[in-house]
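Note that the protein sequences, when read in sequence, are chains A and B.
Mind the numbering: the first sequence is residues 43 to 447 in the numbering used here, read in order.
Mind the numbering: the second sequence is residues -4 to 205 in the numbering used here, read in order.
A couple of the hints might just be wrong.
[Unchecked claim] Which chain B residues stay away from chain A? Per the calculated CB distances, all over 10 Å, these:
(1) Phe2
(2) Val4
(3) Arg14
(4) Thr17
(5) Leu66
(6) His77
(7) Asn83
(8) Asn84
(9) Gln153
(10) Arg198
[Stated by the list, open to error] Derived lysine-lysine pairs resembling DSSO-like cross-links, with alpha carbons at most 27 Å apart:
(11) B:Lys38 to A:Lys86
(12) A:Lys99 to B:Lys41
(13) A:Lys86 to B:Lys41
(14) B:Lys12 to B:Lys74
(15) A:Lys99 to A:Lys118
(16) B:Lys41 to B:Lys12
(17) A:Lys99 to A:Lys86
(18) B:Lys12 to A:Lys99
These are computed hints drawn from the structure, not numbers from a lab.
Values in this document were obtained by computation on a predicted structure and should not be read as measured data.
Note that the Cβ used here is the ideal one computed from N, Cα and C, for glycine as well.
The lines below spell out each chain.
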Amino acid sequence: MIALDPLLVDDLLWVPLIIVLVKVLIVFVVGLLATMLMVWFERKAIAGMQNRIGPNKTGPFGILQTLADGIKLFFKEDLFPSRADRFVFALAPFLSFVPAFLAFAIIPLGGDFRNGSSGEVTLFGQVTRIQLADPPIGVLFALAISSIAVYGIMLAGWSSGSKYPLLGSVRASAQMVSYEAALGLSLACVLLLAGTLSTSGIVAAQSTITDWHFISTGIVPFIIFLIAATAELNRPPFDLVEAEQELVGGFNTEYSSIRFALFYLAEFMNTVTMSALIVTLFFGGPQPIAIGNFVFDIPLLPNALEGTFWLLAKILVFLYMYIWFRATLPRLRYDQLMDLGWKLLIPASLGWFMLLAAQRLARQNGWNIVLVTGGSIAVLVICYLLMQAAFAKSARDRSTQGTMF
Amino acid sequence: MGYLGGFLVTFRQHGPKNRVTTQYSGGRMFRRKKRNAKKMDVKIDKPERLHGRHVLNRYEDGMEKCIGCELCSAVCPAKCIHVRGADNNPTSPTSPGERFGWIYEINYLRCIHCDLCVEACPTEAITETKMFEFSFTNRQDAIYTKNELLVDLTGKPQQLAWEDWREGEDKNTSGWMRATAASGDANFTGVVSWSGELGHGVRPAEEKSE
């Protein structure tokens, strides 16, 4: 059954249509709420790490601070710089805001995936998923959408008619293009093991802790994915796009009012989405934590809703991790960023992917797995040495013949 | 631990133990008028020499200290003070001597509370209170005139409706504060070199700390 949603397989009727519309609404509202709470959580947690209190006035524990900020921004003057390209300038915030929400649509937000269940639930006699869309291209859609988000940032910087936003957006495009490759290659490892692109399929393949594939995807691909995702999100320590010391505010320097709020929203929405994607790919998404046959089950809660709870709990861990990164790590220099992306992350993820692919081929054809693995590692080591030799050669050339080499 | 040690350092900062700020004015408990709202609405004591909102002082006989010399206006790095002097009426003088401060305005949207005006003043007319919490809804309100800056007839700063005054913030507002400035000449520590003022009299000098 290949469709965006099991609801849409047969003829379109009113009930499935309404259910889909309600789901769209819920995902949108949940996205907005999650962003709001994420901003609050980030401010509160980072305040804790910097020996401060953080927002404490608006609502209990200052939880409504984001709402207050949003309302304030709504009523601010909407400025257009005189040298801005007005149409593109107005369009850019939406180009970064819409993809942020689109990517969230493919995350399984709940459902019972235990014991090989497909995660489908029955609502008003209709079979559906707690997920807005489950396209067969699944994860590729998320990758594609997160690449589109760079257009918003790039066009925002370009259309501002000002130098700092332009510099910020040039950095953003270069950074996102460089880290996309590492992101995709580390993700390919997961797809190789799951055998499917669909997010619900990936989740269904990870029912117990041993199915999370700690050794094959849990260390190298996961860490590469985490670093590349941080760079892709333009979050510290990779926030060169908006390096305050160098670029004023980066690509959104000239933005004010609700357009600025949209950029801000998109940034935090992307963080939430990316955390959800990490959880979906590497940590079983809405699956409860299970070791062998033992499942940490929450009593009195339907399994489908329990999935939502587990997803939230797991996402929270990664949201905290992003905040932790921000509080701890100093920003990278631009050449360090490029070195890390091109010289370390991409080769490492590519090598690991080759290794997994070789092992898989060996299993399928019944070859000696130890021999194949050993041979693959030997080849990878040779490749690594060749790469180092190339780096050394180019460094030599650079020092003797100038920066063209 | 190398790179990862930093993560532990930041993680350990969580919790109230290391906090350098307080729950400012009790969080929102104050507004909800809860049982312990008064108890929660506490601000920490401010340092004696904190730079807050200015006052214009009077002598013990009620005369204004300001002589309209405009030195404060000249020294102000933010250019927030506007002073114009005028001749005293010989029959009922506003200040002792020839001239008095006729117009005295401070724009608090510009003031950076550097206290250079306090140091420049030859008569200790302008000093600062410890009160810094006041807000305005338009730019005109941010300009304090002589009516608002001058101490009242008991020598206390006027507590205006939009200012958040707390216990003790109007205590150390006199010329004493300037004359024994911590960065001043050590030879003058403990020496009274300031005039008396309404409500305070001649304040005793600070004791030598060492």
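Query raised in the report: Going through the earlier hints one by one, which of them does the structure break, listed in rising order?
Result: Of the numbered hints, 1, 2, 3, 4 and 14 do not hold.
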